[in-house]
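Residue numbers (my numbering), protein chains in the order written: chain D, 257 to 489; chain H, 11 to 227; chain Y, 1454 to 1696.
FYI, nobody ran anything at the bench for these hints, they're computed from the structure.
Chain H residues, not near chain D, derived (Cβ > 10 Å throughout):
{"hint": "1", "residue": "Asp14"}
{"hint": "2", "residue": "Gln16"}
{"hint": "3", "residue": "Gly42"}
{"hint": "4", "residue": "Leu48"}
{"hint": "5", "residue": "Ala66"}
{"hint": "6", "residue": "Tyr100"}
{"hint": "7", "residue": "Ile117"}
{"hint": "8", "residue": "Ser126"}
{"hint": "9", "residue": "Ala132"}
{"hint": "10", "residue": "Leu138"}
{"hint": "11", "residue": "Met156"}
{"hint": "12", "residue": "Ser180"}
{"hint": "13", "residue": "Gln220"}
{"hint": "14", "residue": "Glu222"}
Computed Cβ-Cβ distance ranges for the label pairs, DEER-style:
{"hint": "15", "chain 1": "H", "residue 1": "Ala214", "chain 2": "D", "residue 2": "Ile341", "range": "22 to 30 Å"}
{"hint": "16", "chain 1": "D", "residue 1": "Pro343", "chain 2": "Y", "residue 2": "Arg1563", "range": "45 to 53 Å"}
{"hint": "17", "chain 1": "H", "residue 1": "Gly137", "chain 2": "D", "residue 2": "Arg414", "range": "39 to 47 Å"}
{"hint": "18", "chain 1": "D", "residue 1": "Val311", "chain 2": "H", "residue 2": "Ala60", "range": "51 to 59 Å"}
{"hint": "19", "chain 1": "D", "residue 1": "Pro307", "chain 2": "Y", "residue 2": "Ile1512", "range": "22 to 30 Å"}
{"hint": "20", "chain 1": "D", "residue 1": "Pro307", "chain 2": "Y", "residue 2": "Gly1572", "range": "33 to 41 Å"}
{"hint": "21", "chain 1": "Y", "residue 1": "Phe1467", "chain 2": "H", "residue 2": "Ala60", "range": "53 to 61 Å"}
We put the beta carbon where it would ideally sit given N, CA and C, even for glycine.
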Amino acid sequence: MEYNWDWSILVQEPYLWWLITGTGWTLAVSAAAWCIAVVLGTLIGIARTLPNRFVAGIATAYTELFRNVPLLVQLFLWYFVAPEILPAPMGHWIKRDLPLPEFATAVVGLGLYTAARVSIQVRAGIQSLRRGLAMAGYAQGMTVAQVYRHILLPVAFRVVIPPFTTEFLTVFKNSSLALTIGVLELTAQSGQISEYSFHSFEAFTAATAIYILITMTVAAAMSLVERRLPAVA
Amino acid sequence: MMSDLQLILQSLPFLLEGLGLSLLLTLLVAVGGILMALVLALLRLSGNRALSTLAATYVNFFRSMPLILVIFWFFFLVPLVIGRPVGSFYSALIAFTLFEAAHYTEIIRAGILSVSRGQGWAAAATGLTYGQSLRYVILPQAFRNMTPLLLTQGIILFQDTSLVFVVSLSDFLTSVTIVARNEGRLVSMYIFAAVVYFAICFVASRFVHQFEKKAVR
Amino acid sequence: MISLRNVDKWYGQFHTLKKCSVDVSRGEVLVICGPSGSGKSTLVKCVNGLESFQAGEIIVDGVSVGALGTDMPKLRARIGMVFQSFELYPHMSVLDNICLAQEKVLNRSRGDAEERARGLLERVGLAEHEKKLPSQLSGGQQQRVAIARALAMDPIAMLFDEPTSALDPEMINEVLEVMVQLAQDGMTMMVVTHEMGFARKVADRVIFMDQGEIVEDADKDAFFTAPSSDRAKTFLSRILAHI
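One chain only, chain D, in its complex shape (with noise of 0.2 Å):
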């Protein structure tokens, strides 16, 4: 095994920059991505409970639509093909003046994608509530807004804070399959380093030093936030 180090080349230009930039664009995707996929995914994973059946109906296919569809499938129908059998004003404004394109097009492929895990976990956290909460509820005259607005979201929101957060975490790690439509996240920036300098190595320690720093901080500062949420019996 000959392997020429050089970890130097890390800190030298452009490389330090690709990398500051790469790690930018992954923190840039995973963040706007992360935040369509809590709101659409709330919204989602609720209806997906609601008693009316042709919403819940309608929840429960966009679900199962999304997370049966590899993301890089997903990546590259909004990127190739949804411009082209969108109606064509929509395709035409896509294709000449969206700004960013492939950053956008990466934020709402993997903010849809991550919706449907989102609205699982939702689901999940308002169908552990006893059923006699909604109805003690619905005994004493609430609607059903009511009742979710004042009753079953407050609590649920408690079970689901910790699975978002892990959904942040993939949703991070997921923003590196933006490299395949073009963004320069880590990933790429770190394989674009091996590619023009030859120190494979250096480059992917650095990529990977980068995600699980990253990694460890969000997972520390959530642990934080969790333990602040009062406990619910």
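Starting from the known structure of chain D, arrange chains H and Y on it as the hints suggest.
Frame of chain D, contents of chains H and Y only:
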């Protein structure tokens, strides 16, 4: 010009070969990953602090890495260690197995912990050794509890195999992409890929769901 | 005030309620007893529409339960219900538990709701616990809070679904005492319970259910001294053998 259907039919042997590679990779990785994960889970629960920490570190390490980066790593490392180029299939196989083992370990560990401690005590009280109680009492119950999760992880793994696209290994998605680019039919070919993946994964997940329901009873 | 006419309910193939008819008049206390799985709990949950039924009719204070055009939330707000496992809202203090529906459903001001809540907490003997979370209370205390929560809506009738079955024996009496007081104050009540001592003390009538049917519907005295059906006799002899 050929219709989309004609194109798919004409390329079918090539596409099926790609699908075969995806399924083969899934199968080999699932078997290898589960075996490796079983060892890791037992180390994790061994009570020996050093071994347990080692296994935990392995799991946490691979769980905080993007799979694509792992694929990149082994695509570079494997030929370097072996000293000669090997096909990207073997690099992918090793990368996926080591990566998936970390995910399977968590499932197996939870499965073992789901068997009540009383079962272990009862086994020990009848004079079974630690190994025997694992083999005959704990693991059979644990595997029954975790089979649905292992199968679900298998479906996720099958979806993940599409990532070998980044090292141009000709799995199903890569094959679809080759046809799509050669014929300039990105739209129809990628929709076709999505439909095929959906059909396989949806049917498989329904199957797991049925299995789960039966197991509960 | 509450009237059930030939109520039928199926869970899939399972016939849970078979042509159940019973009337409760204003100020009356009706005790419902019977073996587990006999449909008692389902019956009271049908009265405020928490369970649906497929045939028959239930009229509460002139309003048809579950009929098209019936405002169910409005009707439920007028009927208090106490559950076997309390179902206090775990994320809210005792006081907030009692205030929530007063504010959101009856649109009372926070001040009025609190005043009403404090009065009721006093009445069930828990005035000093208003700031606590449900998890900080004993089972008996939680159930008394649940009763106060139901009473806060100024209900025209109260439904009790095995209110003491989930309690440790030493806590049963503190809950029963509150219920006895309520009965003596003239509240209309439907009570599913195995507490025959309670039934003897305050019930006006007792119905006995078995396999989804109302087998016996009698005045309290007639029920305890001379039940007409064999099933009720057997049940009574078993349940009273130890008293």
